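Asks: Listed here are the chains, written in short residue letters.
Number of protein chains: 2
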Amino acid sequence: MYVNTVIALDAMGGDNAPFEIVKGAVEAVSQYDIKLILIGKENLIQDELKKYSFEHNKIEVVHANEIISNDESPTTAIRKKKDSSVVVGLNLVKEGKAMAFVSAGSTGAILTGSTFIIGRIRGIERPALATVLPNTKGFSFLIDCGANVDSKPTYLVQFAKMGAVYVENILGIKNPRVGLLNIGAEKEKGNTLTKEAYELLEQEKDIHFIGNIEARDVSLGGCDVVVADAFAGNVLLKATEGVSQAVFSIIKTELMSSTVSKIGALILKKSFKNIKQKMDYSEYGGAPFLGLKSLVVKAHGSSDAKAIKNAIRQCVDFINSDIVAKIEQNIQVDVENEK
Amino acid sequence: MYVNTVIALDAMGGDNAPFEIVKGAVEAVSQYDIKLILIGKENLIQDELKKYSFEHNKIEVVHANEIISNDESPTTAIRKKKDSSVVVGLNLVKEGKAMAFVSAGSTGAILTGSTFIIGRIRGIERPALATVLPNTKGFSFLIDCGANVDSKPTYLVQFAKMGAVYVENILGIKNPRVGLLNIGAEKEKGNTLTKEAYELLEQEKDIHFIGNIEARDVSLGGCDVVVADAFAGNVLLKATEGVSQAVFSIIKTELMSSTVSKIGALILKKSFKNIKQKMDYSEYGGAPFLGLKSLVVKAHGSSDAKAIKNAIRQCVDFINSDIVAKIEQNIQVDVENEK
Numbered sequence: 000m001y002v003n004t005v006i007a008l009d010a011m012g013g014d015n016a017p018f019e020i021v022k023g024a025v026e027a028v029s030q031y032d033i034k035l036i037l038i039g040k041e042n043l044i045q046d047e048l049k050k051y052s053f054e055h056n057k058i059e060v061v062h063a064n065e066i067i068s069n070d071e072s073p074t075t076a077i078r079k080k081k082d083s084s085v086v087v088g089l090n091l092v093k094e095g096k097a098m099a100f101v102s103a104g105s106t107g108a109i110l111t112g113s114t115f116i117i118g119r120i121r122g123i124e125r126p127a128l129a130t131v132l133p134n135t136k137g138f139s140f141l142i143d144c145g146a147n148v149d150s151k152p153t154y155l156v157q158f159a160k161m162g163a164v165y166v167e168n169i170l171g172i173k174n175p176r177v178g179l180l181n182i183g184a185e186k187e188k189g190n191t192l193t194k195e196a197y198e199l200l201e202q203e204k205d206i207h208f209i210g211n212i213e214a215r216d217v218s219l220g221g222c223d224v225v226v227a228d229a230f231a232g233n234v235l236l237k238a239t240e241g242v243s244q245a246v247f248s249i250i251k252t253e254l255m256s257s258t259v260s261k262i263g264a265l266i267l268k269k270s271f272k273n274i275k276q277k278m279d280y281s282e283y284g285g286a287p288f289l290g291l292k293s294l295v296v297k298a299h300g301s302s303d304a305k306a307i308k309n310a311i312r313q314c315v316d317f318i319n320s321d322i323v324a325k326i327e328q329n330i331q332v333d334v335e336n337e338k
Numbered sequence: 000m001y002v003n004t005v006i007a008l009d010a011m012g013g014d015n016a017p018f019e020i021v022k023g024a025v026e027a028v029s030q031y032d033i034k035l036i037l038i039g040k041e042n043l044i045q046d047e048l049k050k051y052s053f054e055h056n057k058i059e060v061v062h063a064n065e066i067i068s069n070d071e072s073p074t075t076a077i078r079k080k081k082d083s084s085v086v087v088g089l090n091l092v093k094e095g096k097a098m099a100f101v102s103a104g105s106t107g108a109i110l111t112g113s114t115f116i117i118g119r120i121r122g123i124e125r126p127a128l129a130t131v132l133p134n135t136k137g138f139s140f141l142i143d144c145g146a147n148v149d150s151k152p153t154y155l156v157q158f159a160k161m162g163a164v165y166v167e168n169i170l171g172i173k174n175p176r177v178g179l180l181n182i183g184a185e186k187e188k189g190n191t192l193t194k195e196a197y198e199l200l201e202q203e204k205d206i207h208f209i210g211n212i213e214a215r216d217v218s219l220g221g222c223d224v225v226v227a228d229a230f231a232g233n234v235l236l237k238a239t240e241g242v243s244q245a246v247f248s249i250i251k252t253e254l255m256s257s258t259v260s261k262i263g264a265l266i267l268k269k270s271f272k273n274i275k276q277k278m279d280y281s282e283y284g285g286a287p288f289l290g291l292k293s294l295v296v297k298a299h300g301s302s303d304a305k306a307i308k309n310a311i312r313q314c315v316d317f318i319n320s321d322i323v324a325k326i327e328q329n330i331q332v333d334v335e336n337e338k
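Quick mapping for you: the protein sequence lines, in order, are chains L and X.
Going left to right, the first sequence walks through residues 0 to 338 as numbering that gives the first Met the number 0 numbers them.
Going left to right, the second sequence walks through residues 0 to 338 as numbering that gives the first Met the number 0 numbers them.
Worth flagging that the hints you see were computed from the coordinates, not collected in a lab.
This structure is a prediction, so every number in the text was calculated from the model and none was measured.
Hints are supplied without guarantee of correctness; some may be wrong.
Any copy will do: because identical chains look the same in the list, a pair fits if it lies in one copy or spans two.
Unchecked claim - Below, a list of computed lysine-lysine pairs in the DSSO-like style, where the Cα atoms sit at most 30 Å apart:
| id | residue 1 | residue 2 |
| --- | --- | --- |
| 1 | K261 | K251 |
| 2 | K22 | K34 |
| 3 | K325 | K188 |
| 4 | K79 | K188 |
| 5 | K194 | K80 |
| 6 | K57 | K188 |
| 7 | K93 | K188 |
| 8 | K204 | K186 |
| 9 | K79 | K305 |
| 10 | K272 | K93 |
| 11 | K81 | K186 |
| 12 | K96 | K40 |
With the sequences and hints as input, model every part of the structure.
Replies: Printed below as a string of structure tokens:
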């Protein structure tokens, strides 16, 4: 059997490594026509692999002796830990031995390492981290949610273009509505960055820019792509996580407070399960880091096997849709125009 | 009867003016030892007042012929509409005829008019809009949530001090924990603004600075005062409103989807009412605009009589606690130090 699609997977990153990572890898190769390269401490990975039966030519293990933890300085760690699972994995992509890299490890190290080792698409000033956010009508796609603070207006235009390409091709929304995260709906609202970015976005013919969007309207499904500087984007992302967690915690306390409410809660057990499932965005994979010459996916630190499998599927879709080439085309036009 | 505390109330601002505003005013004078000056179209206000019985020397009506709407440019409106309820009300405060001003009208006009007409406390570079945010343990106080975008680090230090004074004296939390809204817990995280503000906040002896706080931890009650630039603060505020609304909407849809879930929902009707009440922060009054020579409170545009009454009680507490003098003391120290 000859397999075209090869994906590198950090077996040591995240809270549940290597157990859940290896399990997710085995599930992925049984479902998709891919080959995975698992990177990390070989003996630990092999011990996990022994638990499962799978097509052995679809999983390769590459040893890496070091692990980068969340509390290390990303720049120092990437420079010094040449034999870490992150650096080894990114190098496999750089050398063309893998087409994408997935890790549930340190976000900072993955971002720094990716830009440094894999490199940016020509014309992209800053790659951006993106994620899906649940809303009442489904999901919207937030870019940037954690890579570039103190962004320039041109970065935001590039985020908008990359976001639109991703959403159209991977999430299947035709002509996605692009909104600029802001603190008012009117054009003249916001800070210096958003005012300048608005002017530029308005002139872009190839995206469906619908103007400013307030955080409240993001939750109500007001647009498909939410463009933001990473500071505001990260506040929005973490507020979304925090508030939904807080609301469910307040509900739980209240429902456990009397016998009657406990009975009600029991009756609604299945309903609450459905609600949690609706709001679970691990179905959509991890957070893609867009604007690089290859795809890098940051899976949530608490990823289980299912989340890892979905992050791998996300890579397969990304590679099949040739997103990098499509982003290049979109951005390249600008580079041409600037000549 | 001689009443010391006089509060000016915009009878024309908000979605439910003048009906709910006048009703709230009547309730307030029956509960507190105050005098209210209702500002707006005299005939409309008098028609409303006729519906109630109250001590007539506790409510005075001052006619103002114009109304500033939400879609007018604040600066132009404040300059041109000299006979608007907002401008007339703020002038009453400036002239010492009232000690505070409450309005559910245009936020922009209230902010612009307040700074322009009432003026800043000496040493305060920018007054800030603040609000309470619900969390799993109660409430935290967010400052700035809408007045100053593109803040300088020194503004944030002043927000922290004003917030701490307010929370200690009005919300009754001793030595309140002050957190800097950021996208990571570590000192070196964030953008240029938060990094510089962190350095300054760390040196402040008179506030209990606990470092950076992420939006997620705000929802979980991680601190009492959340300090932010108005852009990030407003994203946090509107995300909090939007996400809770979205979660309840998703729950409602799910609970109405089957007969069994409808029965469960019926049993839990009272519980859900309790939950909504727990998360209703209109109990705490409106959004105070701090750093001015007198208090100005922005009540929510959709305020009902109860919300207006609570905004008035908030003014009474503010005046009784002499918050302006306490902020002056705190800031004055700095002015002295700088000499």
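Asks: What hints, given by number in increasing order, does this structure fail?
Replies: 3, 6, 9 and 10
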